[in-house]
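Peer 1: Residues per chain, in single letters:
Number of protein chains: 2
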Amino acid sequence: MSGEFTVVARDGANGARAGELVTAHGVVRTPAFMPVGTAASVKGLAPWELERLAPEMVLANTYHLLLRPGVDAIEALGGLHRFMGWPGPILTDSGGFQVFSLAGRRQIDDDGVAFRSHIDGSPLRLTPEGCVEAQRRLGVDVAMALDVCPALPASDAELEAAVAMTSRWAARCRAALPPGGDTMLFGIVQGGLDLGLRRRAAEELAAIDFEGYALGGFSVGEPPAAMWDAVAGSAPLLPDARPRYLMGVGTPRDIVHAVAAGVDLFDCVMPTRNARNGLLHTSRGPVVLKNARWKASDEPADPACDCPTCRRCSVAYLRHLYLAREAAVVVLATVHNLHFFLSLMRRTRWAIMTGRFAALRDTVLAAETAGG
Amino acid sequence: MSGEFTVVARDGANGARAGELVTAHGVVRTPAFMPVGTAASVKGLAPWELERLAPEMVLANTYHLLLRPGVDAIEALGGLHRFMGWPGPILTDSGGFQVFSLAGRRQIDDDGVAFRSHIDGSPLRLTPEGCVEAQRRLGVDVAMALDVCPALPASDAELEAAVAMTSRWAARCRAALPPGGDTMLFGIVQGGLDLGLRRRAAEELAAIDFEGYALGGFSVGEPPAAMWDAVAGSAPLLPDARPRYLMGVGTPRDIVHAVAAGVDLFDCVMPTRNARNGLLHTSRGPVVLKNARWKASDEPADPACDCPTCRRCSVAYLRHLYLAREAAVVVLATVHNLHFFLSLMRRTRWAIMTGRFAALRDTVLAAETAGG
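As given, the protein sequences belong to chains L and B, one line each in that order.
Using my numbering, the first residue of the first sequence is number 1239, and each one after it goes up by one.
Using my numbering, the first residue of the second sequence is number 1239, and each one after it goes up by one.
Don't take each hint at face value.
No copy labels: a pair is met if it fits in one copy or bridges any two.
Derived pair list, reagent style DMTMM-like, types lysine to aspartate or glutamate, alpha-carbon separation capped at 20 Å [said to hold, decoys possible]: (1) K1528 - E1289; (2) K1533 - E1313; (3) K1528 - D1420; (4) K1533 - D1358; (5) K1528 - D1394; (6) K1533 - D1310; (7) K1533 - D1467; (8) K1528 - D1347; (9) K1528 - D1348; (10) K1528 - E1398; (11) K1533 - D1348; (12) K1533 - D1447.
These aren't lab readings, by the way, just hints derived from the structure by calculation.
Please build the complete structure, drawing on both the sequences and the hints.
Peer 2: This is the structure:
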């Protein structure tokens, strides 16, 4: 049944675990990384290209889709899966993070948040009920509750207020989208780097009962080591029997640290955004295409990679396309970077299932220091 | 042997013919349309996407490749085929057209043309010998002779001077790249809309003996009907036993007119450039993605099309991606438009071989008047 989550293996020495989350559009094998398809498209990828990469789940953004083309339009066109030509599981972010980023253009009160569209300035309103109703109508597999996400550093009072409002909104989201349907609902734990606050938030959300729990408010300005510590302290506070999702994170290094803490799901714009900026993630560290050292290299960007880009293109060719601003480099680099992240997750899952996770983590942490 | 051309079928009522041109990288079945990969990339397409579209031959541009990444670099990386990950036939334009477009930044004399790079302003020189030598070193299947291409309207004196210099340069190109190697050489007939001049140019080039002959200087400002008449008059002036190539042309309508005149090869930026501008060529006429009429359409852009884009995406989704400036729309629209042109050529060839060309031409001419 949609929403069932089974832990199929655990690492003995830490919190790492491999799981299976049942959705209406297939089983998500965790730990999993969700490519970001903000506006119903993973930037630069045709639907068949995304399908070939075979991610377990894809993320889209409620805020962006509300604004354009609108929930009515997508619902009338058969729902988000059909609209974007992606038959697998979809999770939508609630849009809270985006709305709260609209500094000076939004007003928050206990009922919800009023804001102006970044596209045409038209006035809009997001409430907990409206937000989950929009996601249900999009037909997604996982909806996220509307949360309040303050930027770090934030004062204790700001963090506490954010947690309190997030909990009240979470209850209203759950009431608007009760369990048992095809769209699951995940609650979001805020609290910044304050583990006491994170614990309180986690307990309040667990009492409401969601199909999954997310850690929000990370990777918003804090140093990586501080985030690793806080994630290590926060993840175990979330119910063990449910999937745990670390929102908007992160580097391969962030990911293996978080997996060790017991996190199951990740999303991040890094592989796709870096691809557009000519940075490839590889087994030998980051490859910056504009660097002259790649000018005459007939090797693939990552000699250890079996993605279509590395099987077919030299790094010198990718560099040429990047310098010539050829659109194909976006496709080629995005395919490679997503393959790199998805392959990292598949290897991570396999390592957990075969008792090799610690070794894999050490390899990943070492590789990230090389490159050029 | 590379350079062999066989006419395998003719239409009884006009000059249309189906042929096979043997190259070092496969047989080009004509009439054929060459997608434009100016800088060693068909804009927006990964090499495997281009391969799936299965064009008979691809065009690249000597001028652009000379400037970036340079012939030395491509030769050192194994030649243009390997560099761009395209194993099929490649024709390179000589670069003359691009150089002569650099108004105010080039100086022409009988030896060749001096110009400044549009990228960094550095001084460069293109001679007939240097031009074909560059193409031979790129390892292409068909090199184009360096020609002089005046913009229309041009005075009789300008046109005559262009033809005279083109003929002198053609002889030097042939001397620099004699027959028998893996790289064929095509001569280019200029002469504007003056059929007497075109005849003289064709005779001078035929006397030199090339593996193929091109009509240059069309689609440079003249009205379509004037071009159709001039092409109809010019194509039969080229040797019947060799492939005929109408450079830089054109619309489906231009193409069927030219095929009827006996033209075998085409190239044009139209399908790829129009794709980037949100215009799709379809069996029901042009589809302009920004038009509100497509907002709620769950149909493919072309219900009669079997390309990956039309099999998978609604025109409403394409419209959304276009309005949201999502990079994927370039891929999706380019795949569709090239499929449309390549499919037109396959149907044209089949029609010639089965005595149905006149009917196909009428269908194409009728479809081009619909759309929206």
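Peer 1: Hint by hint, note whether the structure agrees.
Peer 2: Hint by hint, here is what the structure shows:
Neither within a single protomer nor between protomers do K1528 and E1289 lie at most 20 Å apart by alpha-carbon distance, with minima of 29 Å and 27 Å respectively. Taking identical chains as interchangeable, the C-alpha atoms of K1533 and E1313 lie at most 20 Å apart only when they sit on different chains, with a minimum of 13 Å there against 48 Å within one chain. Neither within a single protomer nor between protomers do K1528 and D1420 lie at most 20 Å apart by alpha-carbon distance, with minima of 46 Å and 34 Å respectively. For a Cα distance limit of 20 Å, the shortest separation of K1533 from D1358 across copies, 18 Å, qualifies, whereas the shortest one inside one copy, 43 Å, does not.
In this assembly of identical chains, K1528 and D1394 lie within 20 Å of each other by CA distance neither inside one copy nor across copies; the values are 43 Å within and 48 Å between. Proximity of K1533 to D1310 under the C-alpha cut-off of 20 Å is restricted to the inter-copy arrangement: shortest distance 12 Å between copies versus 49 Å within a copy. Taking the closest pair of Cα atoms, K1533 and D1467 never come within 20 Å of each other, the shortest separation being 40 Å inside a single copy and 48 Å across copies. With identical chains, the CA atoms of K1528 and D1347 are never at most 20 Å apart, being 47 Å at best within one copy and 37 Å at best between copies.
For the identical chains of this complex, K1528 and D1348 are neighbours neither inside a copy (49 Å) nor across copies (39 Å), given an alpha-carbon limit of 20 Å. Within a single copy, K1528 and E1398 get their C-alpha atoms no closer than 45 Å, and across copies no closer than 46 Å, so neither meets the 20 Å cut-off. Proximity of K1533 and D1348 under a CA criterion of 20 Å is satisfied in neither setting, with 57 Å inside one chain copy and 35 Å between copies. With identical chains, the CA atoms of K1533 and D1447 are never at most 20 Å apart, being 55 Å at best within one copy and 39 Å at best between copies.
Checked against the numbered hints given earlier, this structure breaks hints 1, 3, 5, 7, 8, 9, 10, 11 and 12; the rest are met.
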